Amino acid sequence: MRGYLLRRLPSALLVLFGASFLIFAILRLVPGDPATSLAGPDADAATVAAIRERLGLDAPLLTQYAHWIGSLVTGDLGPSYAIGGQVSDLIGDGLGATAELTAAALLFVIVLGSAFGILGATSRSGWVRSAIRVTTTAALAGPPFVSGVLLVLLFAVVLGVLPPGGRVSFLGAPDLAAQYLLLPALCLALPSAAVLGRYLKDGIERALAEDYIRTATAAGVAPRRLLWRHALPNALPPVVTLLGMQTGHLLGGAVLVEAIFAWPGLGQLAEQGLSRRDYPVVQDLLLLLVAVFVVVQLLTDLVYAWLDPRIRWE
Amino acid sequence: MTELYPSPSPSTGLSRRSTLLAGGGALLLGLGLTGCRSAVSESSSAPQETGGKPRRGSTLNLAVNSDFVPALLFAQSGQSLQQRLIYNTLTRYDDDLTPKPELATSWTYAKDGRSITLKLRDDVTFHDGRPFTADDVIFAVKNLQNPVRAAQLRGTAAAVDGFEKRGDHELVLKLAHPVNNLFDLFEFMIITDEKTVEDAVTGKKLIGTGPFRLKKWSPGSGLSLTRNDSYWLPDRPYLDGVELRVIPQADALISSLRSGQSQLSFHVPGKSLSVIKSDPKLKITNYDTGAGASYLGVNTTVAPLNDKTVRQALAWAIDRDRLLAQTLGGYGLASAAPWPKSSPAFSEAHRTHYNHNPGKARELLKSAGHSKLSFPLLHIGLPGETAVAESIQYDLKQIGVHTTLEPTDGATAQKKLISQEMPALWSMSHGFAQVQPSTLAVSAYPFNEAKNTSKYRSAAYTKVVQEAWTKPGTGAAEANALHEQISGILLDEAFIIDLVVRGQVQVNADRLHGVALNKFSYLNLDDAYLV
Numbered sequence: 007m008r009g010y011l012l013r014r015l016p017s018a019l020l021v022l023f024g025a026s027f028l029i030f031a032i033l034r035l036v037p038g039d040p041a042t043s044l045a046g047p048d049a050d051a052a053t054v055a056a057i058r059e060r061l062g063l064d065a066p067l068l069t070q071y072a073h074w075i076g077s078l079v080t081g082d083l084g085p086s087y088a089i090g091g092q093v094s095d096l097i098g099d100g101l102g103a104t105a106e107l108t109a110a111a112l113l114f115v116i117v118l119g120s121a122f123g124i125l126g127a128t129s130r131s132g133w134v135r136s137a138i139r140v141t142t143t144a145a146l147a148g149p150p151f152v153s154g155v156l157l158v159l160l161f162a163v164v165l166g167v168l169p170p171g172g173r174v175s176f177l178g179a180p181d182l183a184a185q186y187l188l189l190p191a192l193c194l195a196l197p198s199a200a201v202l203g204r205y206l207k208d209g210i211e212r213a214l215a216e217d218y219i220r221t222a223t224a225a226g227v228a229p230r231r232l233l234w235r236h237a238l239p240n241a242l243p244p245v246v247t248l249l250g251m252q253t254g255h256l257l258g259g260a261v262l263v264e265a266i267f268a269w270p271g272l273g274q275l276a277e278q279g280l281s282r283r284d285y286p287v288v289q290d291l292l293l294l295l296v297a298v299f300v301v302v303q304l305l306t307d308l309v310y311a312w313l314d315p316r317i318r319w320e
Numbered sequence: 322m323t324e325l326y327p328s329p330s331p332s333t334g335l336s337r338r339s340t341l342l343a344g345g346g347a348l349l350l351g352l353g354l355t356g357c358r359s360a361v362s363e364s365s366s367a368p369q370e371t372g373g374k375p376r377r378g379s380t381l382n383l384a385v386n387s388d389f390v391p392a393l394l395f396a397q398s399g400q401s402l403q404q405r406l407i408y409n410t411l412t413r414y415d416d417d418l419t420p421k422p423e424l425a426t427s428w429t430y431a432k433d434g435r436s437i438t439l440k441l442r443d444d445v446t447f448h449d450g451r452p453f454t455a456d457d458v459i460f461a462v463k464n465l466q467n468p469v470r471a472a473q474l475r476g477t478a479a480a481v482d483g484f485e486k487r488g489d490h491e492l493v494l495k496l497a498h499p500v501n502n503l504f505d506l507f508e509f510m511i512i513t514d515e516k517t518v519e520d521a522v523t524g525k526k527l528i529g530t531g532p533f534r535l536k537k538w539s540p541g542s543g544l545s546l547t548r549n550d551s552y553w554l555p556d557r558p559y560l561d562g563v564e565l566r567v568i569p570q571a572d573a574l575i576s577s578l579r580s581g582q583s584q585l586s587f588h589v590p591g592k593s594l595s596v597i598k599s600d601p602k603l604k605i606t607n608y609d610t611g612a613g614a615s616y617l618g619v620n621t622t623v624a625p626l627n628d629k630t631v632r633q634a635l636a637w638a639i640d641r642d643r644l645l646a647q648t649l650g651g652y653g654l655a656s657a658a659p660w661p662k663s664s665p666a667f668s669e670a671h672r673t674h675y676n677h678n679p680g681k682a683r684e685l686l687k688s689a690g691h692s693k694l695s696f697p698l699l700h701i702g703l704p705g706e707t708a709v710a711e712s713i714q715y716d717l718k719q720i721g722v723h724t725t726l727e728p729t730d731g732a733t734a735q736k737k738l739i740s741q742e743m744p745a746l747w748s749m750s751h752g753f754a755q756v757q758p759s760t761l762a763v764s765a766y767p768f769n770e771a772k773n774t775s776k777y778r779s780a781a782y783t784k785v786v787q788e789a790w791t792k793p794g795t796g797a798a799e800a801n802a803l804h805e806q807i808s809g810i811l812l813d814e815a816f817i818i819d820l821v822v823r824g825q826v827q828v829n830a831d832r833l834h835g836v837a838l839n840k841f842s843y844l845n846l847d848d849a850y851l852v
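Same order as they appear, the protein sequences are chains B and H.
Taking the numbering used here, the leading residue of the first sequence gets 7, the next gets one more, and so forth.
Taking the numbering used here, the leading residue of the second sequence gets 322, the next gets one more, and so forth.
In short, the hints are calculated from the structure, not lab data.
The model shown is predicted, which means the values in this text are computed figures rather than measured ones.
Some, not all, of what chain B presents toward chain H, calculated at C-beta under 7 Å:
id, residue
1, Gly-38
2, Thr-42
3, Leu-44
4, Ala-49
5, Val-54
6, Arg-60
7, Ala-162
8, Pro-170
We treat Cβ as the ideally placed atom computed from N, Cα and C, and that holds for glycine.
This is chain B alone, in the form it adopts within the complex:
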């Protein structure tokens, strides 16, 4: 396994290096720079030049690139140009917030998706099944910026029971933090929960139509036991795979939901960084995302290699 890992590492590093170069080059190709952004609309050329010099933007591009890679290697990401603070702190805070939101949404996906799936497949009431079908269709069709606004309108403005946006740290006040988390997590989770629910419903219905269920029913096995012991375990494996894929969707969707609920995660950070051409923040953030995908890919390959020894010797 170690040998396999060593063989895979160079290509992973090569991808990261290529990505870093592309990210650096593309950011420089976009018009506007942090200096003009910081100088403001009423600045004169001398002010812009002084800011550019202070930020080191007057150095040749290769020097700037080398400086950036050097900072990555040493682990000191340095200060943000425009947003303020250290880049590592900004990304750390944003990552924590996005992870919190995604994890809560994943919990909702599992709970709501299971409820939709099991109830949709087992309910005897046509009314309940129709209600679930309509709910899941609406959840799938409604983009987060619509469902988000509706949720805020209902729970924050009309009922006034939940805050419409913002974030409170779980460390200081977990009870308040959970309330701030509820609406954005629900909004983010709804489409994925609907997808999961439909898959699960189909899976259970297929499993319940199998011969062994009929045999078990004839043998007098209780319906509850049929569902939980026999049908559900058989319906679950594809759903688990789907859940893994939906986690990626949740991470991507979090960017939009963060804007609606003023949730200070990576999406907000990326938007702020890009609009102010804050090169260090955007560069490091994008490279981090590439690194996450590279690591996930590497881990997947390792798991496959562990499962199938033939791959290791290829």
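Given the coordinates of chain B, assemble chain H onto it according to the supplied hints.
Just chain H now, with coordinates in the frame of chain B:
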């Protein structure tokens, strides 16, 4: 309908119950937490009504659409609200641009206008306990002279070329040449602690003499401020703290106000103000600061816009009243000149110099030999800015001037503005007409007499701007004559076509009182309280 499998008997209907439980579990869990403490009541709880008298206590939640940018601490930006909460300025203008004492208690101008003597408060301390002295004023001026600080009033600060301390609380500022906008500088210049200034511009430490201390800045979330118990103004502030919460999305910001989570904001888009108007718990206040103005910029080197007759035709073509009503929610002043009503340069004749007259516009175009023209029109690609550009596009089309909209992001637009790379036409907003009129042409780049985005140069314009800026001793009549000349050139040359002068529109909960803004949109909560 055939059932796919035997249904659970009613007596064993636990599966349905358990799924219902599972479905509602998370919601109940979350909502159940409200049994402990409610996030809603935590942030919107108010002290009891006190019959309109100021009341001590409570934290004010202020909704802002973008976060504090520490690197812009010494510049005026779209988010300068926190400046006067943490820091003080030397003086502050009243509504008539008469300076009033703040950290400076009195001042005496030399007869030749080449120096000013300031007397300073002797009972002021910084948040770290250090006393405020004349050295802090000297540092503040020198700090603004540094181009890295991007202070728009750097030109005025740079006119100060000498300091004479007369004790710890008296100081003479010597000027290289007289300027008439020194009090603009005093209104703009926040007094910071020299030792921690580098930490201030990275957001680590913000130490001033203001009514609130920085508790925490969470990038992306906002600023948390707490009451300064040693504030120099007795018994102030009334509030225990201020939370500046970043809510970039307009709908979310409005929800925050309507649900009582936030009690104050200056960032509700014009088109959304009708929603606010219908809410009895919210109040709208329009400040006639004129700190911003929508304008149509013209590149005077692009033919045939190098002919001022064509530029004047564009100025006649715009329906400013419709623009104001339809795209800006009616809050502002339709005006052909940049000045708000509070400016000494304001005149009704200038404001209405160009009104909506497409017939006259077409005549002017015809006299210049054109019937149909086509230009690109750059604008910032945000909803509000796009609406303004579309409104301009519609009006120009009526006189045969076709425009192609070029939506651009803010950073690119700024770069093009500063580097004079704007296309034939662009629509944006400018500031700096709200203080001394000379400041506009000295500090607002689009109007700069020596170098501006329109590439407009004229010896007459330079002469009158310099004269207006460097003659502080002039009487009112002479000053008015100079303002008149500046306005005359701006209107006649039409290289910047002003459309609507805008101040700040404040939306606040009706239980919030005593809010004020200075001319540079620094929020003053010295007297604010919640009932």
